[in-house]
Amino acid sequence: MPIDFLPILILLILSALMSGGMVFLSHLFGRKEPNPSKLSPYECGIPPVGDARLRFSVKFFVVAMLFIIFDFEGVTIYPWAVIFRKLHLFGLVEMGVFLGVLLIGLVYIWRKGALQWD
Amino acid sequence: MELTLFVIFGAVAVASAFMVIVSRNPVVSALFLILTFFCLAGLYVLLNAQFIAALQIIVYAGAIMVLFVFVVMLLRTGKEARRGYRLIFQKSIGIIFVVLFLLLLGSITLMVSVTGMRGPYTAEAVRHIGNTQAFASVLFTDYLYPFEIISVLLLAGIIGAVVLAKRKR
Amino acid sequence: MVPLSYYLLLSAVLFSIGAVGVLIRRNVLIMFMSIELMLNAVNLSFVAFSRFLDSLEGQVFVFLVMAVAAAEVAVGLAIIICIFRNKATVNVDEINLMKG
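Chains as they are written, first to last, in the working numbering: chain C, 2 to 119; chain W, 14 to 182; chain S, 47 to 146.
Read the hints as simulated data drawn from the structure, not as lab findings. Every residue gets a Cβ at the ideal spot worked out from N, C-alpha and C, and that includes glycine. Hints are not guaranteed to be accurate.
Restraint ranges, calculated between C-beta atoms of paired labels, are given here [claimed, not checked]: (1) Leu40/C x Leu100/W: 23 to 31 Å; (2) Ile105/C x Asp155/W: 50 to 58 Å; (3) Leu40/C x Val41/W: 35 to 43 Å; (4) Gly97/C x Ile109/W: 47 to 55 Å; (5) Tyr52/S x Val98/C: 24 to 32 Å.
Covered, in the sense of this in silico footprint (three residues per stretch, anywhere, with C-beta under 8 Å from a C-beta of chain C), are these stretches of chain W [stated by the list, open to error]: (6) 53–64; (7) 165–176.
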């Protein structure tokens with residue numbers, strides 16, 4: 002029932018209020034006396050060189066992309082698990098075929114070296 | 014109560030969807046898209062589809078947005094060269110046609126009442142057996158074949174993405 | 047209970063915003079996000095129909111749409127990365143050659 006989710010909604014509202022409120026209150030009451038050395042990224046140390054937004058390597062992307070596929074695979078197991086006892090052997094074979102096909106994909110990316118980091 | 018929540022979630026969803034398409038910075042667009050997904054998850058809970066709501070958070074707001082943010086970071090080029098394409102004609106015609114399309118959809122929605130064969134899963138019945146259980150018993154029996162096809166689709170996704178994105182040595 | 051037509055109208059509005067996004071933006075990433083927005087709008091109407099027709103088929107369709115979206119996002123973003131590697135741009139108007 003939707004009413005069961007009311008605590009989650011209240012939690013979300015509270016966390017938004019707290020994090021937003023802290024930022025807002027410190028903005029409201031904080032003293033603002035900027036000077037050049039306070040505004041620099043490192044108040045003591047070497048002056049920064051270049052932009053902070055470096056481009057990430059494509060390796061991160063390949064891992065993230067494989068993550069969404071296997072994330073969805075994991076999500077399909079949840080509904081299967083709640084009625085596993087009702088489906089008996091039929092459910093086991095069904096999920097076995099599903100996972101087997103995705104296992105081919107895992108073997109493929111493994112052999113292709115997409116999981117290697119170097 | 015339910016109407017209030019619907020209005021709040023719907024208004025935030027529409028506003029953040031609007032921000033997705035107008036903001037200049039793709040990172041801001043991605044973050045507003047996450048907000049839209051969360052609002053839709055709230056609407057799914059209101060519609061008594063709790064499992065789909067959880068799925069929305071896990072798959073869309075979790076995984077797909079991680080990927081989007083990664084790609085936005087990957088493609089950041091510093092100053093992107095602005096070319097001279099203004100496309101005023103295409104943009105104005107596009108907006109006009111989309112508004113007409115929206116009017117068409119809206120008028121259909123308001124004029125036609127939905128009729129159809131009602132299934133056995135009333136709110137009472139679903140509450141009795143549990144949303145995830147009911148969903149699973151439909152998915153794993155009546156929709157067995159589409160379910161198995163999903164695995165082939167995901168396999169094609171894996172292979173396609175690895176082939177396209179992996180740098181050749 | 048909130049009437050079905052409210053949900054369908056909200057879904058139509060979200061779908062139209064996504065369509066506008068595809069038409070007016072030239073950044074391929076934002077166009078892709080607009081496509082995701084349109085998929086989600088359709089999902090919303092599927093779930094609404096499933097609720098108001100007392101049937102779970104709509105939710106099963108949403109599940110399938112999410113699988114398609116996951117595979118599509120992986121391949122689509124890989125294509126975007128390929129394009130970016132070759133042409134160093136995310137503006138679709140500059141990707142105007144069939145070959146490389």
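Now the hints, each set against the structure:
| no. | hint | in the structure |
| --- | --- | --- |
| 1 | Leu40/C x Leu100/W: 23 to 31 Å | violated (39 Å) |
| 2 | Ile105/C x Asp155/W: 50 to 58 Å | violated (26 Å) |
| 3 | Leu40/C x Val41/W: 35 to 43 Å | violated (23 Å) |
| 4 | Gly97/C x Ile109/W: 47 to 55 Å | holds (53 Å) |
| 5 | Tyr52/S x Val98/C: 24 to 32 Å | violated (41 Å) |
| 6 | 53–64 | holds (count 6) |
| 7 | 165–176 | holds (count 8) |
In the structure shown, a violation is registered for the earlier hints numbered 1, 2, 3 and 5, in ascending order.
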